[in-house]
Amino acid sequence: MSEDQGDRPPRRRTGDPALDQALLDLLRNRVTSREDRDLLFEMLTTVLRLAGDDVDRLDLKITNAALKEMRQAFRVFAPFHDVPKVTIFGSARTLPEDPLYTQARDLAAALAEAGWMVVTGAGPGIMAAGAEGAGRERSIGVNIRLPFEQDANPFIAADPKLVSMKYFFTRKLMLMKESAGFVVLPGGFGTLDEMFELLTLLQTGKAAPAPIVLLDVPGGTYWQAWARLIRDELAARGLVDEHDLGLVCMTSEVAAAVAEVLGFYRNYHSIRYVGARLVMRLRAQPTAEEVAQLNRDFADICVDGGINVSGPLPAEVADDDHVKLARLVFSFDRMSHGRLRGLIDAVNRLPSAPPLARPDPASALAAGSPPDTGGAPAPVAPDPALAELLARVARDDRQAVRGLREILATGGLSTDQQDAVVSELCRLALTTSDPSVRAAILDAVGASSPFVCLDPLLELLIEHRDSLGEDGASALLAVLDRVLAAAEVGSNRRQVAQLLRLEDPRPALDALAGSSVGAQARALKYRVESLTG
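Heads up: the sequence shown runs through residues 41 to 573, numbered per the numbering used here.
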């Protein structure tokens with residue numbers, strides 16, 4: 041298959057080279073952005089595979105309607121990407137004379153005055169209060185079509201910023217994806233469903249950190265009763281972590297709710313993962329004393345080394361990704377998201393933090409979306425000796441592979457260099473036609489730090505299993521077994537490696553989470569989910 045220079049090669053194909061080529065030619069004629077063609081190709085491939093899967097017509101209707109609804113919603117939100125948004129959740133049954141209605145209306149008005157847009161479910165009750173307070177110019181509505189409720193409220197009805205949806209799951213996606221902050225007022229099953237899904241996304245790292253305010257009226261008991269349930273029944277049984285309650289702020293004061301949303305972006309900007317490291321971008325660089333205190337307070341969420349001030353990492357430079365911002369970089373355990381929220385609160389309270397300001401558009405976008413995992417591989421480290429060895433590996437030079445394995449095993453490279461070398465070796469493992477060279481390359485990757493190589497190896501297995509072939513997949517599983525052992529997954533590591541042979545290992549990893557592998561299995565499950573979307 042021919043590919044224009046600059047196109048990303050599609051990862052999943054139809055299996056028919058002629059059909060693959062026809063799809064690529066169609067996209068080149070219709071899509072000007074080369075960087076998006078690979079994803080569009082895979083979407084078309086999925087449709088064609090559905091056509092060959094003997095799928096029930098109802099399943100096709102669900103798929104068709106969901107895709108159309110998402111396209112319509114994306115178009116509604118697109119003109120406002122550069123405006124920070126807050127989503128307000130609450131009951132459709134709250135009457136205008138209810139004090140909760142006043143709370144929601146006043147909150148929306150204050151946030152609109154601060155330059156934010158307000159997103160609601162577009163129906164009556166709290167949704168109407170949010171739209172009324174924000175005003176038509178500052179409101180976006182995502183309505184749900186129901187047989188008994190709900191028509192769009194008069195404050196957003198007939199507005200071009202209103203979209204109506206058939207499915208709750210597509211509606212919830214749009215209520216959460218675009219927003220940089222969330223406020224939840226007391227409500228019924230639907231409100232609790234939205235709130236718990238939002239918490240699940242943040243607790244598992246499927247969405248980037250964002251402020252969540254649980255707002256009641258003065259003297260109200262709704263959220264206090266909810267918090268008792270979480271502490272006494274969930275946290276006490278070990279079903280959630282006590283620190284997960286740190287993901288929310290409970291208040292009965294509108295001013296406190298506004299301060300929580302705005303204050304989240306006082307110093308914190310956004311996060312991104314580069315290899316095994318989390319990069320937290322800040323508006324102001326902390327002092328050495330402040331960083332030392334952060335290390336003392338949050339050492340428990342660092343799995344390798346501590347929290348360090350850093351310049352932009354090579355992958356960020358390659359993407360021109362906020363390179364002027366200050367950074368804290370550390371190897372996050374990817375599980376303690378309640379504690380990660382505590383770290384964000386701590387950096388916002390530092391004496392070095394700048395004055396309160398409206399979040400810039402990039403920060404607002406990063407908050408509501410999944411954390412950036414880096415996209416393209418990091419550029420190859422500029423060290424001439426490493427570059428020469430990698431060039432020789434590209435020519436199937438086994439001596440060069442052995443040399444790089446020795447370098448990675450000795451730990452003499454910086455983490456940046458390890459990231460770059462491992463990324464390039466993983467790419468070369470896919471391009472070589474020599475099975476023995478592929479096995480040697482995978483072995484060399486596995487010699488690096490497990491915190492650097494585990495995610496790239498999982499990505500190879502999950503995303504490129506077919507390209508590796510049976511021998512390559514077997515070699516990769518053998519390397520993964522060794523890496524899992526080095527990562528202290530324990531006596532179940534071989535069972536985990538076997539589970540990774542499955543097309544979708546997540547349910548099995550989830551079941552294994554109750555065994556002695558425990559937290560490591562849950563961490564692997566989250567990593568698999570992050571790679572499979």
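Derived from the structure by calculation, the hints contain no laboratory data.
Hints should not be assumed to be uniformly reliable.
Think about it this way: if two alpha-carbon atoms lie no more than 27 Å apart in a straight line, the pair counts; the simulated DSSO-like pairs of lysine-lysine are [to be verified]:
1) Lys217 with Lys101
2) Lys206 with Lys364
3) Lys206 with Lys217
4) Lys108 with Lys201
Computed Cβ-Cβ distance ranges for the label pairs, DEER-style [as the list claims (entries may be wrong)]:
5) Phe236 with Asp337: 46 to 54 Å
6) Pro394 with Thr450: 27 to 35 Å
7) Asp93 with Glu153: 15 to 23 Å
8) Glu153 with Val71: 17 to 25 Å
No residue lacks a Cβ here, since even glycine has one placed at the ideal position from N, Cα and C.
Results for each hint:
Restraint check: the Cα-Cα separation between lysine 217 and lysine 101 comes to about 24 Å, which is no more than 27 Å; the hinted pair holds. For the suggested pair lysine 206 and lysine 364, the alpha carbons sit about 43 Å apart, so the restraint of at most 27 Å is broken. Under the criterion of a C-alpha separation no larger than 27 Å, the hint pairing lysine 206 with lysine 217 is consistent with the structure, at around 18 Å. About 17 Å separates the Cα atoms of lysine 108 and lysine 201, which keeps this hinted pair within 27 Å; it holds.
About 29 Å separates the C-beta atoms of phenylalanine 236 and aspartate 337, a value inconsistent with the hinted range of 46 to 54 Å. Separated by about 42 Å at the C-beta atoms, proline 394 and threonine 450 break the suggested range of 27 to 35 Å. At about 52 Å, the CB distance of aspartate 93 to glutamate 153 disagrees with the hint of 15 to 23 Å. Checked against the given bound of 17 to 25 Å, the beta carbons of glutamate 153 and valine 71, roughly 41 Å apart, lie outside it.
Consistency note: the structure conflicts with the earlier hints numbered 2, 5, 6, 7 and 8.
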